[in-house]
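**Student:** Working from the sequences, and respecting the hints, build out all of it.
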Amino acid sequence: MAVRTARAWRRDEGRAALAAGVTVLLWASAFVVIRDAAPHFAPGALALGRLLVGAAVLGTFVAVRGEGLPPRAAWPGIVGSGVLWFGVYFVALNWGEQRVDAGTASLVVNIGPILIALLSGWLLREGFPRRLLAGVALAFVGTALVGLAGSDAGRAPLVGVLLCLLAAVGCATGVLAQKPALGHASALQVTAFGCAVGAVACLPFAGALLQDLAAAPTRAVLGMVYLGVFPTALAFTTWAYALARTTAGRMGATTYLVPVVVVLMSWLFLGEVPGPAALAGGALCLAGVAVSRRTARTERTPTPAPGAERTPAPGVEPIPTRRAATPVSPAERPVPSAEGESATDPHDPRHSAPAPATATDPRDEEENPHGLRR
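Numbering-wise, the sequence shown is residues 62 to 435 according to this note's numbering.
Honestly, the hints are just simulated from the structure, not real lab data.
Note that the structure is a prediction, hence the values are computed from the model and not measured.
Don't take every hint at face value.
As the list claims (entries may be wrong) - Computed spacing ranges between beta-carbons, pair by pair: (1) Val286 / Trp328: 20 to 28 Å; (2) Val125 / Leu223: 37 to 45 Å; (3) Leu184 / Asp73: 22 to 30 Å; (4) Ala348 / Ala276: 26 to 34 Å.
Cβ atoms here follow ideal geometry from the backbone N, Cα and C, with glycine treated the same way.
**Tutor:** Rendered as structure tokens:
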């Protein structure tokens with residue numbers, strides 16, 4: 062049973078990694094599409110249109126699957142992530158990118174994974190693994206190189222920088238709110254209703270959306286629809302699926318792959334050849350994410366079912382267990398064969414078998430640092 066549990070855990074880890082990869086790929090494509098659609102929409106209008114499309118798609122899937130409303134315990138996290146992540150993050154990021162260049166926006170917004178790692182270690186009690194912190198720091202340095210390679214250093218308006226910082230805070234706090242909700246509802250439910258809450262929060266921009274839709278070209282409208290279906294509906298669902306199966310800090314570090322994929326997509330589809338600094342920064346991002354995710358196999362171990370044999374962690378020798386002595390019934394006790402001795406009286410207390418020892422051998426504590434009785 063223990064081996065089967067370990068295999069199931071490894072299979073679950075593989076699926077979570079695949080879901081995180083889909084999220085990174087689709088979020089990276091969003092930056093390329095936004096570059097074409099954003100000039101035709103106001104920041105709030107683009108966020109509302111994207112969320113309305115995403116909520117419609119996700120709501121359809123919820124109805125088809127018959128999942129219904131989430132439990133009451135999940136709603137605080139759903140509302141929090143909907144307002145902070147889907148609402149504040151989308152609007153602040155769209156607004157900030159219109160005031161600063163893409164490199165500066167990428168640099169400031171990617172403070173978010175650092176905030177996720179620090180706040181989840183404190184508020185969600187995930188701790189502060191050294192490899193995770195080292196990987197996040199290394200990936201942030203790489204992101205800084207990518208951002209500085211395409212930024213107008215020293216000329217970014219303060220308002221734009223503050224808006225991008227607000228987007229980073231909205232993203233980090235939204236992830237922290239979403240993580241507990243995934244313990245009570247499915248990834249689809251949390252994403253669908255969170256997206257709907259974000260759309261409601263952005264309803265004040267409905268007038269601007271209608272006005273922009275009337276004047277925007279078909280290409281820009283299709284771009285907004287793409288943002289709602291793929292980077293919002295699909296990518297946020299795969300994100301929630303992966304987040305439910307790992308720590309918030311590790312998932313936050315995974316988002317440092319997004320700038321790397323954006324650089325590659327811009328190179329392939331837009332003909333924007335990255336410079337040496339961008340390539341070096343991308344390599345550091347990859348290394349940082351690899352370091353941060355190496356903790357997945359050593360820190361998260363499956364909990365065996367009650368009564369199942371413990372499975373040692375990789376690289377740890379199994380500890381033999383000592384079975385407790387089984388009392389012998391009076392009928393099974395040996396009868397003395399020496400002449401002149403009488404058979405053993407089962408009711409004679411002098412011939413009773415000693416009670417099994419319950420005290421722990423001190424050598425067990427010295428030789429067994431894992432705290433298991435041998």
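**Student:** Take the hints in turn and mark each one as holding or not.
**Tutor:** Hint check results:
no., hint, result
1, Val286 / Trp328: 20 to 28 Å, "holds, 25 Å"
2, Val125 / Leu223: 37 to 45 Å, "holds, 42 Å"
3, Leu184 / Asp73: 22 to 30 Å, "holds, 25 Å"
4, Ala348 / Ala276: 26 to 34 Å, "violated, 45 Å"
Comparing the model with each earlier hint shows a violation of hint 4 alone; every other hint is respected.
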